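A.B. asks: Chain by chain, the residues run as shown.
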Amino acid sequence: METERLIVLPGETIDPSLIPSHQKLPLRLGPGLRHIPPSDIVPTVAGQLITNPARNSMWIEYNSQRYIPSTSDLILATVTRATPDAYLCTLSPYTPPATLPTLSFEGATKKTRPILTPGALVYARVTLANRHMDPELECVSAATGKAEGLGPLAGPGCVFDVSLGFARRLLMARSREEGGVGVLEMLGGEEGAAGGGGLAFETAVGRNGRVWVGSESARTVVVVGRALQETDRAGLGIEGQRKLVKRLVREVR
Amino acid sequence: MPREAEPSLSERQFVLQALQENLRLDGRELDQYRPLELSFGDQYGVADVTFGRTRVLAKASAEVTVPYADRPLDGIFNIATELSPMASPAFEVNRPTETEILLSRLLEKTVRRSGALDTESLCLVAGQKCWSVRVDVHVLSHDGNLIDAACLAVVAALRHFRKPDTSIEGGVLTVYTAAEREAVPLSWLHSPFCVTWSFFGDEGETAVLDATRLEEQVRVASCTVSLNKHGEICQIAKLGGVPVDAVALLQCTAVALTKVKEFSELVDKKLAEDVKKRDKGGFMAELSAENER
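Going down the list, the protein sequences come from chains A and B. Counted from 1, the first sequence has number 14 at position 14 by UniProt numbering; the numbering is strictly sequential. Counted from 1, the second sequence has number 282 at position 282 by UniProt numbering; the numbering is strictly sequential.
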């Protein structure tokens, strides 16, 4: 996959040579771009223009304040209320609730379904996100019937709020090369030459700007959470992240 | 009005568990404040206080009015607090929440009732004319510990504030502009500061300073001590919550005194810096049209 990196401003004209052209696939516009017929493509936000010629798609990577659900996003939701056939969850504070049907868990039937108390955390996927409807979530893959890592997050751990852009960068398949985020690798990496922290923890990153960090040791959770938040707020690069990790790991010992 | 967003169960449990191990989510000590910043505006009487992600702006202003009939020799001094939806969607304009009422009551008790500002000096003509000093407190960002931040902002704003100079000749009151006569500072008697302790655990055994919003949501009790740098206590407010051991409270007050001394040093230092910044080297230097070009 080849990507171009270019900063665009709202209303700017996009150079036609940047628009991917594919033999068979139709052009797909992602967030931040608007098609004005007949043939103009105009950015509506300021950000980084990313094009993917293989999938014939283009979108703008930007950091927004409010999470707007879209289908197949992985998110970290908090259960607020239970109804007979669904749990009502919040994705971000002060927004309408999302519904999580009680049957959309792995192996759930009408008789055996997970019992979640208000305040419980679930890692889920958005299945329905229409503009004027409450979003719907699931904790099971519809194709395989397996949880595939989704479900209630029960173990000891804590949630940390990060910006939406940072959460997306963390979720990138190659977050270190493309997103420029390597804190988690560094913290979890082997101690010694590579400057790793050697900490044992697990994470669940939600596109709604929330990261769950779980570990048996509370100190580890605090260090990982601080590393994530400081990287996000200070906009650290890889080198800055390495220094931060070194400093935090030294504090732990 | 939307209800305040509640933290999830795992956040609650984790904060409490970590505090038992003397750990805080942002890596601070239990009795450590977040990085504290204080800056003054271009105008006199504007102070901007930042405690980590909490930000409060206070603006002092004065106008000439008629004094209250029952207090002909006193000026008027008011503190107006408003929590706008900018700080949190749970706040609504013209519908004060409990937080807002408590905040304004505590500021009132700390600054106004402790006699920090000499209101008699605001009187111009007995029973007819006096200064009315008003401080508006705006919460720009709410991440816990509003009381301490707001109190520091109010005190800093009032100490930075200058009211126009006046004179009375033959019963005629003249208010001078800043160009005619230099504005004069308020007659300030002492600087009280608030220090808020939050208590955690079943019996409130863990005491924590400068709680963030998440910590405020899971605490079992809180206690606000207001005192000045000489250790004179203006008020102690412990409104409900779990009872706290008296000896622990005494220790808290002792620590609060050291924090208040730090606050007053900070305000003194920043005020001195501001004076230095404004001093252009006398009247002639100010009049000169010369510039860096």
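Derived from the structure by calculation, the hints contain no laboratory data. All of these numbers come straight from a predicted model, not from anything done at the bench. Heads up, some of the hints might be wrong.
The following residues of chain A were derived to be distant from chain B, with all beta-carbon distances above 10 Å [what the hints assert, rightly or not]:
1. P114
2. A120
3. R219
4. V221
5. V222
6. R242
Some chain B residues judged to face chain A by a derived CB distance under 8 Å, without partners named [as the list claims (entries may be wrong)]:
7. F14
8. E21
9. D26
10. G27
From chain B, some residues computed to sit far from chain A (all C-beta separations above 12 Å) [stated by the list, open to error]:
11. E63
12. V172
13. K229
All residues carry an ideal CB built from backbone N, CA and C; glycine is no exception.
A.B. asks: Please list, smallest to largest, the hint numbers that this structure does not respect.
C.D. replies: Going through the list in order, the structure violates hints 2, 3, 4 and 5 and respects the others.
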